[in-house]
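Spelled out from the first residue to the last, the chains are:
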Amino acid sequence: MKYLRTFLLALQVEFSSRINIFGWFLCSLIPSLLLILVWFAILGERESISGFTKGDFAVYYLFITMGWYIVGGTFGISTGRKIKNGMINTTLLKPYNVVLGQCLEEQAWKAISFFLALPIMVFIVFLLRDNISIHLSFGHILLLIVSLILGGINFALIQGLVGISAFWITEVWPVDHLRVILLSLFGGLLVPLALMPSAVRALSDFLPFKYMFYVPVSILLSKNSNPYLDAGIQLLYIGILFGIYTLVWSRGIKKYEAIGI
Amino acid sequence: MNDAIIYLKRTFVLALKENIAYPSSFWMVVVTIPLYAVVQIVFLETIYGQTSNFAGYTKYQAYMLFGTFMMVQAIAHILFHGRLIMLKELIRGDGQESFDLALTKPIDAQVFATLGRFSFGSIVPFFVTVFIVVYGMAHQSQVLNLLNLAAYVFVVLFGVLISYLVLLFFSTLLFWFPELQMADALWGHTVEFGQYPSRLYRGIGGVLLNVAIPVTLMASIPVEFLLGRIAFPMLMIYAAITTILFLLTRLFWQVAIKKYSGAGS
Amino acid sequence: METPVIRVKNLKKYFRVAQKGEGFGAAVASLFRREYREVKAVDGIDFDIHAGEMVAFLGPNGAGKTTTLKMLSGILQPTSGEASVLGFNPQERNPEFQRQISLVMGQRNQLWWNLPATDTFLLNKDIYKVPLDQYRLILDELVELLDLQDVLSSPVRKLSLGQRMKCELVASLLHRPKVVFLDEPTIGLDLAMQKKIRAFLKEYNKKYNATIILTSHYMDDVKEVCDRVILINHGRKIYDDQIKKLISEYAHEKYLQVDFENEVSKEALEGIGKVVEFGGLQAVIAVPRAEHAKKAAELLTRFEIDNIDIQEVELEDIILKSFADHV
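Protein sequences, first through last, are from chains A, B and C. Taken in order, the first sequence gives residues 1 to 261; the numbers are from my numbering. Taken in order, the second sequence gives residues 1001 to 1265; the numbers are from my numbering. Taken in order, the third sequence gives residues 2001 to 2327; the numbers are from my numbering.
With the rest of the complex left out, here is chain A:
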């Protein structure tokens, strides 16, 4: 209940600052459009690159923009700041988890942005309609939704880890930066993994990052050989990351209780 209230309150704050919603959406659209422009330029007269057509590229990057509102987020930084400001005391005294609270506040922002961005996104897709062809069965759509949710949980766990790194270091942002880098490289945020050099592709199979955005978007484009296996691995990573998170959290709290920050 108290977390629901956090969510609703954050929703309200987001609504009252309309400029932010517009701004953030613009922010998220620029890199995607830019990358689409880059790949269209590279494609030139060619039909496709490694099986990716113009339409595939467009869908890929636009989906990453929209998928950000489902899977993504930035609450690691704000959590880190809260911990640094001593807000963690609240968590230790009350049954209210700061990390979870920050995470939920962000879900509000994501939900609103998603629905506000949707019409614009539909319009862009409409403009590109001649290039785009997506054929999804009902089962595929269901799997896509499941995969997005699993990806979101994986991503949130990574964010949580970024946030609680504040127990050890003065500023969280470099850690978050590292997260961005790993995700662009091994998570397919910058370039579809299928086009990446083989070494990067091989490495990404053993890291959690491709199981956040890349697996769902591949399902949408029907590009995975075994989507059910991918979803299973997503689930597996949730277990692993949760284990790591719990371990790091308890260490951090112990350190905090012993010597503070």
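Hint data in this document are derived by calculation from the structure and do not stem from the laboratory. None of the values given here were measured: they were computed from a predicted structure. Note that CB positions come from ideal geometry on N, CA and C, so glycine has one too. Fair warning: there could be bad hints in the mix.
Which residues of chain C face chain B? A partial, calculated answer using Cβ under 10 Å [to be verified]:
#, residue
1, Pro-2095
2, Gln-2098
3, Met-2105
4, Trp-2112
5, Leu-2122
6, Asn-2124
7, Lys-2129
8, Leu-2189
Knowing the structure of chain A, use the given hints to seat chains B and C on it.
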């Protein structure tokens, strides 16, 4: 002007001290920014795995392009980024400091509120980017021309100034929209346009990004000067554009200050 | 008489603020339409302040104290009216003017967080162009006065709130301003630290004949530090004179605080005066100012008394009363 230099000299020393006293952030930057270079290199390798000419750039020319872009970013980071992103807290007054104080001090408020927190962490990334540019240049058939190099350095500095002005512009918007959260993100994404060849942008986009707000001054245009593809007189034009933008943002800033002292609470 | 340092004539400051409704529905509505309302933060204030005066702006939250202070220090532009400080128009923000004033905000920090306070002092020395020898002299004096020797070498982030406030004061006084504006300088500090800051301000004012203007919530700040008080409510000045005068003007009563040997009944005491507090063995009785000695004597004869104190009515009470009179 003189006051600003005295201020910058002092804050430079303080920032050095701060970096020495708290080296952990310094080291994090040292580690993460070159990693970002790795991402860019993988990106380049991916692109040139599919094509040999991207908007007029060969692979090694593209190395110079991306190296230059990151160099401008590194310089921006060292010189002003840290202070300018604090402006939103200053204006909203929810941080430790308040913009009010900037207005009571006998120093230009723009200098005080947007400059003076140097981040030396980006010095190492800066050298990494220099190395990348040199590496790309070494693979060119042509010989390095000193005049071209001088023009390159100049235009890189214009690029840094443009980067500052874009961030200043978005930050100044905060005076009207104090809730605006993404001033620095907007800056980051606007600047992103600067990392690609200027030829990628055509039509209205081309006029906007190459002439009106020439973010391509951050990479493409300096590299073209280095490669001797642009005639020197163009330097004057870019200098003029940069100066005009500088004056316009300055004007915008002053209007913002007026608005702040007229309607603040 | 010399010309005043600060001269304010019919000063007004009106703001336009967005109306925000409560709840989720209103937040959604505000996406599309916003209503504004005019707030008269300061609504026609006049006063003169002379060199070396120590004046308090007192009033409830949102009364216009801080807004007035901000107009005098050049941060805010008045909607209308005149303000002149040291012969300057503050809103022009003339550097010559800025070098002679200082603004200290109790909740704000200008010190570099990760460095010892002395580093920020050096920065301010440069900003205010204080010559080095003069800087050393002033710094030594201030450090002595504020008893700061031991904390100067620790980074600001490690200092207590009170120590930080002291350093903040040093940073703000290094250029020896002629006029010092203090906005809630003791806010959030513990009582002992509040006392120290007050003592310092008083001494500083005496020693350098600096004009000091402060706003505060704490009555003690005002009572102990300032000679003159300007009461502000709803943007208007409702009182401007000596604090002593305010007390005598509004305090028609004195309080007799009595400790009895044996328990007494409340009814028995009511014959003496108005019983403000009662606890069997103790009581506080309000009596008319003119008769307080007579009433005390009466108490002593009628009851077995352990101790009796004659007290002034608290300044808070007076001010509350004063505000009530003007509503």
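The hints, checked one at a time:
no. : hint     : in the structure
1   : Pro-2095 : holds (4 Å)
2   : Gln-2098 : holds (4 Å)
3   : Met-2105 : holds (6 Å)
4   : Trp-2112 : holds (6 Å)
5   : Leu-2122 : holds (6 Å)
6   : Asn-2124 : holds (8 Å)
7   : Lys-2129 : holds (8 Å)
8   : Leu-2189 : violated (16 Å)
Taken one by one, the earlier hints fail for this structure only at number 8.
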